[in-house]
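> Quick mapping for you: the protein sequence lines, in order, are chains A and B.
Going left to right, the first sequence walks through residues 26 to 219 as the numbering used here numbers them.
Going left to right, the second sequence walks through residues 26 to 219 as the numbering used here numbers them.
Some hints could be false.
Pairs involving identical chains hold if they fit within one copy or between any two copies, as the list cannot separate such chains.
List time: in silico DSSO-like cross-link candidates among lysine-lysine, alpha-carbon distance up to 27 Å [to be verified]:
# : residue 1 : residue 2
1 : LYS83     : LYS178
2 : LYS170    : LYS180
3 : LYS180    : LYS30
4 : LYS170    : LYS83
5 : LYS30     : LYS83
Just so you know, these hints were derived from the structure itself, not from any lab.
2 protein chains.
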Amino acid sequence: MPALKLTDFAARIVWLGTVPEARENIRSAPREVIELSYAGMAGEMHSGLTRPSCVRVKTQYPNGTEIANTRQLSIVSTEELAEIAQRMGLDAIDPAWLGASIVVEGIPDFTHVPPSARLQGPDGASLVIDMHNRPCLYPAREIDKDHPGSGPKFKSAARGRRGVTAWVEREGHMALGDTLRLFVPDQRAWAPKR
Amino acid sequence: MPALKLTDFAARIVWLGTVPEARENIRSAPREVIELSYAGMAGEMHSGLTRPSCVRVKTQYPNGTEIANTRQLSIVSTEELAEIAQRMGLDAIDPAWLGASIVVEGIPDFTHVPPSARLQGPDGASLVIDMHNRPCLYPAREIDKDHPGSGPKFKSAARGRRGVTAWVEREGHMALGDTLRLFVPDQRAWAPKR
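The shape of chain A in the complex, shown without the other chains (with noise of 0.2 Å):
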């Protein structure tokens, strides 16, 4: 009796990028495959089964701690860069500027699915999505120099739009034009009534 549910929604992948290890910026690179390992994308900034833990997730742990790597990559929607670039008065959002590693295209309200649902592509490669992404400063200076003045729009055009991220349950590949199955958790909301 499976816990997690298959949805009626697929992904189709129409875009991947990975971060370079010796970076300047955020930017990531655009790739037409990736290699998927435990530690996420091979060569990539946010690969690792371990990572030191960041300002994120400051009210848990001291900056630096090392904790298991639930970043490994960073998704984002079609649909919702769209929405933030509207918002900013632009014509599109660049992925590369958010540092992005996949961009899908068919998942309404891609940012808020739920929690651990899992993102399956056609050969077994399976990522598990930990939960939203928060806009950080970082895009907006990418922004800025591409489109300067607008990068300080970025973090309320993006918020609640700036995807999930995840990490590797199963090794494989991922290709542009993929078609991503959504499976989520079976199970209603928590009611503590308190």
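Following the hints, complete the assembly by docking chain B onto the known chain A.
This is chain B only, laid out in the frame that chain A set:
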């Protein structure tokens, strides 16, 4: 800006157990302290950075596929064990029957705590809750050995009260009497509107 929110719920550890690697059945044996590494609990049946996939994930993986191990620990609550016992007409449920790793007290509706929530102990050791667990037939066999005839009542009595599965995000120790802090993803429900 953290994506995990500290709740005002705290869980006290009232029981700990491990399932020996050379096991005859699913029973766990009581412990006073557990040591947590990224592979789970040392010398334990369910430990491992990876595991062979089981029937619970058969919609995603052929049986025996190597996947990341998000089922390192089984956590149940005192309150829900009491409800199961009442529904089965027993005085109490021995967590050992369920192969439980941790029994906590103080979190209402524990089984439905949001997926990707974190439980953190006093030394910083932290567990990621993958999602709710589903009752299987093995505990029924153990219950039937101690209370002949009661086993078959387990599965329906335990539905929605079987606790959660979890894995280690930060290494450390947890001991009887420790209080765990509960963090949950700070996000609204998914609204795909289809």
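> Next step is simple, just say for each hint if it's right about the structure.
Hint check:
no.: 1; hint: LYS83 with LYS178; verdict: within (25 Å within a copy, 45 Å between copies)
no.: 2; hint: LYS170 with LYS180; verdict: within (16 Å within a copy, 59 Å between copies)
no.: 3; hint: LYS180 with LYS30; verdict: between (33 Å within a copy, 20 Å between copies)
no.: 4; hint: LYS170 with LYS83; verdict: neither (29 Å within a copy, 48 Å between copies)
no.: 5; hint: LYS30 with LYS83; verdict: between (33 Å within a copy, 11 Å between copies)
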